[in-house]
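K.L.:
Protein chains in written order, with the numbering used here: chain A, 1 to 353; chain B, 1 to 381.
To be clear, the hints were calculated from the coordinates, so they are not data collected in a lab. Even glycine gets a Cβ: it sits at the ideal position worked out from N, Cα and C. Any given hint could turn out to be false.
[As the list claims (entries may be wrong)] Part of the chain B face toward chain A, derived, beta carbon under 7 Å:
no. : residue
1   : 26
2   : 79
3   : 101
[Unchecked claim] To list a few chain B residues with every Cβ distance to chain A over 12 Å, as calculated:
no. : residue
4   : 18
5   : 42
6   : 131
7   : 182
8   : 247
9   : 312
10  : 352
11  : 354
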Amino acid sequence: MAPVDVALIGWAQTPSVARASIAEPQLCMQANLAAVAKAGIERKDIGFTCSGSCDYLTGGPFAFVQNLDAAGAWPPIAESHVEMDGAWALYEAWTRLQLGDIDVALVYGSGKSSPSDPVQLYPQQLDPYYLAPLGLDPASIGALQARALLDSGRASEDQFAEVAARSRRSARSNPNAHVRGDEDAADLAKADYVRAPLRAHDIAPVSDGAAAIVLATAERARGLVERPVLIRGIEHRLEIHQPGMRDLTRSPSTAAAAQGAGLGGGRVDVAELCALFSPQELILRDALGLDDSVDVNPSGGPLTANPVMATGLVRIIEAAQRIADGTAGRALAHATNGQGLQHNLVAILEGVS
Amino acid sequence: MAEPAAIIGFGQTKHAKARADLSMPGLCREAATRALEDAGLDWKDIDAVVIGKAPDAFEGVMQPELFLADALGSAGKPMIRVHTAGSVGGSTVIVAAHLVEAGIHARVLAVAWEKQSEGNAQWGLAGGRSGGIGAGGAFAPFIRSYIERTNAPEYIGWQVAVKDRLNALKNPYAHLRLPDISLEKVKESPMLWDPIHFLESCPSSDGAAAVVIGNADEARKAPRPPAWIIASAVRSEPTQFPGRDAVRPQAGVDCAHDLYRQAGITNPAQEIDAAELYVPFSWYEPMWLEGHDIAGPGEGWKMVDRGDTELTGSFPVNPSGGVLSSNPIGASGMLRLAEAANQVRGQAGEHQVEGARIALGQAYGGNAQYFSMAIFSSTLP
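Bound-form chain B, shown alone (with noise of 0.2 Å):
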């Protein structure tokens, strides 16, 4: 059966539009240097290196994993290159984490990240085509459904702009840093593809992170505390098809009770002290809450607008700011898991959500199909 394994480091970089300072090879180095720093380890204790990535296209480098091989340490030993849309980051730690898992490596890096300023990003979201409405355009029907079918009102994306705006105000890593955001200029911002506002929307970004996952020895000698991986799923599902609920696909609802199952968690709302959910609209993070049974039907919306997701809430929705605050589409599932179970190492900061023992992490992408999370907790039951 499988062994415990745990995440015993995390790094990433400072985000932002573009970080022309460095290079491809740089910019992951950034995340990896400070992830083994974290651990207490050195890149010759890695027994592995796995790395996650979107599509190619955004910086024009086929398999970039090749060429970084030297910067990443991973020559001599073996590398795997994760793809799975925008889950891939949460896809990337779960594969690492199968490795140690198994039994047959004790320490993996795993490393995930997207240079965005490399190439135009919009032109690979339409498939290397011009004209394409983004991922903007693919979610902004399953929103406004989502709203008809839930008659939430319409301010309730733009709470949710602004909280995760404010979190991030808390997370030196982030990339959007918006102190006087408010609710008045999330809508006032241009309407980009209806409900969507600018402010309700992420931004795109070049960044990394890392992390090194450790078996049970590893943990206990870490020099921080771990978090102990109790839980992981993925689940996909065709992209379209009469019949399939884009809203709440059932790859989400599947993925979710798998997690729950694993963790022994029947209430998740109130087992659960912190989630990161990838939320790139704002309008995701009711749709989420609902799309894993954390909320009942319509009752998502009602979360948001209690304040139960900000950071003092009763459910805390990305402490760190989310995809909203910081997206190198790569990594932001990485960073969802990464930020969740650096809330139960007690390591994050300022946006630590007091006393958190049990985290979510969850990432997505295709056309809302592809789904990868983790529950961590302090503790190993």
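One chain only, chain A, in its complex shape (with noise of 0.2 Å):
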């Protein structure tokens, strides 16, 4: 079977925040109904609704419910959602339309996560057996991750600070970026640590936002918009949850979606990383071969914004907007889940010539 040619032809996110004002289904609100205006079409084009979220984060069982409201669900709509980060979501509703029946899905991803105190909450995304009893948080996990790679010898943590100081420099332009800077890498890496090798620049903020797509079939796409952005591959691979039965320094499962994505169908311009800490950015570099003329998360990345449950989401957005905007032809989009890129995603974006 052929695969249905699907593109985006619409997107938006809210601005990453440390503490939004508003609750999750009206941040997904605001996202989804500028994707929808964007994209030149009626809610009711909408064939399969696919959103992206965590009950965790706002911390009450059934906590994507409520965003449902955000989707226009009346008269009752086709819909499904992943507890996971939005670019699953769009991964499904990709699927959904290689069925041939529908030719317009939204997709949304969210997170409010100022709510919670990460270091309580990300132990219990742990092994509860093992792993959750020992509290490693996120920049924990990280650093181990980072520790090991500076370990490897094949990187410093001065290069480190330079990816930081590199992202909060691109997030300048950003409108929706949560942290930015104009330091220089030596001035970076002078602060303490916060969990050694790691730096407060080397980590990702914890934002609140929404980010939304809308995607249809090539065909459907064209009468649309001027501009539609294809996706020309997306694969995603789990890699097995014990840190220490992995080598943290490598991502395979990076490289293996990269691979049936097509990545190797042709250099890309632009790649968008989910590097949720500095040295992420280095290993997922070397996973996909990207040589220095690619151009690295020029948004910013998540180091400048992380709304959690829609960062793997954004970077897709900010992949498609530099398509759309023409300054790259070919893009990749990388999204991850869980912890130490336990489980990743790659997208291949191109622009319809």
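Take the two lone chains and join them into the complex the hints point to.
P.N.:
Written out as structure tokens, the structure is:
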């Protein structure tokens, strides 16, 4: 069966902020309405809706049920939800569009982390028998990964600071960024450790925010928008959970997903990588074989805006935006799920020639 | 266009109040191993894994599928975690089916589970607050409204409660085994949420279900008959708003009609040979018979009263014993679809409906607002 070409025809995100003054469904509503408007469609044109979020961020079971109010579910809609980043909701919607009976889908991802404390929360995401009792938060696992990378001799703390400095400079032109800066890497590297060898600038902020994308079959997209962005390929792979059982300095699941998504089919101009810690960008570049000619995280990336459960979906939006504004012809977007890059998704996007 | 897909393997755990003999991975693995054995496949044959469960707060592990990667052989493969409230087990089957129907994968393992003994489901259902009304408290007003709307006699709910528990005696995996159940016992059991008695309510179970979904090639190679997925649909509507009919939710009506259209069914009561409906409280059997237009308005309870929905009746409902006999919440929806599939595969054992060729599986969730449904056939049209 020949795959159905799918295009991104509208997208939107709310600004990433430390604490949104509105509720998560309202964040979703803002993103969804803007994405639908940009796509030039009406809500009734949407054949399938899929969202990604996580109950634990809000601290209430069934938290996603309220977000349904942002999808306009009356009259009733065909709809699904993943307890994952919105990038995986996009994967499910892309799959649904392959079946050929619908031609437009809405995807959104959202997270309002501000009511919870990540240090207390995230140990509960780990193996409850062996790991959760250790109380490891994401930055602790990120630090183990960073230490392993330093010990491998393939990176230095100065390189971590360079990733952070470049990201913070790039974020100055991103109106949705949560943090920005114009420090030199050398100055950043003088800061105290938060979790050695990670400093504050090496660690993604935790943001509140939502993002939405409207997908359409390429055929339908042609009649709707001037420059649809095609999904050339999209794949994802999971790795085993125990950090001690894998080489944290490598990301074979990212490499396999990229190969499956068709990265080998030509060079990419831009890569938006879901690196939640500056060393992860180096690990991902390595797994993807990206050289210095590739513009990595021109938006500033997750180190400057991290709306958890939408951060991966935002990577797809930022990559698509570069194609839509003509600064890239082919772009890669990456999303991650779990700790220490356990689960990775890669999408290859192209402009319609 | 979509490729045909079929359930080619089904496995489930023995459901119980507490499976203290198993860890969470062990519980999922018991079901998944049985599904693989049924399909004649090994872990390495699986292309992708789809996992479903209800709120993570039930066990106190955030996104537990991440740590289940090792036990479910999903490392190195794509994995998707679905969560659509009580309908999630049905949605999980449908998400997995789409991966095969889209031609992306040939063999997908779908696993749905809940280990409710790890936590407190009542607290979880109350949104993480104490003093919640629970699912029964949420649904009792809808049930009361159905009774007033249709003038159904009080004993209809007791009849469903007895029928499903007698069916469960023919299902070796069922949690509840109540051989001496009777109308009198149901009637005399404590009133929990008027009009729902204790024995008209589902239990709280540890359990898992798993299915292997294959494409047409796999279905033809499989050692046992496949259950072709000839229709599947999901629908959702908002939790509540003025004018919403919570007794006969429009999402349930639309979902069923989409399903019948796909399957080419015009008279569901006659053309469907067996149904597994999500009935956590006895009255939901007549309510879904009407809510999915299997029976006309006010006719659902008469089907129950006539014995039509018994194992040997004209429209058997929940031959497995249903949610009233086993309720590992995240898995309950998958059990409905997979038990329906097993009927058309002729693999239902003692609770087999004689000659079943077309079967309906249904799951619902949230405030009776999420629906996931599928129709299975012994043959591919």
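K.L.:
Each hint needs a verdict: does it hold in this structure or not?
P.N.:
Evaluated hints:
no.: 1; hint: 26; result: violated (11 Å)
no.: 2; hint: 79; result: holds (4 Å)
no.: 3; hint: 101; result: holds (6 Å)
no.: 4; hint: 18; result: holds (16 Å)
no.: 5; hint: 42; result: holds (18 Å)
no.: 6; hint: 131; result: holds (15 Å)
no.: 7; hint: 182; result: holds (36 Å)
no.: 8; hint: 247; result: holds (15 Å)
no.: 9; hint: 312; result: holds (35 Å)
no.: 10; hint: 352; result: holds (32 Å)
no.: 11; hint: 354; result: holds (34 Å)
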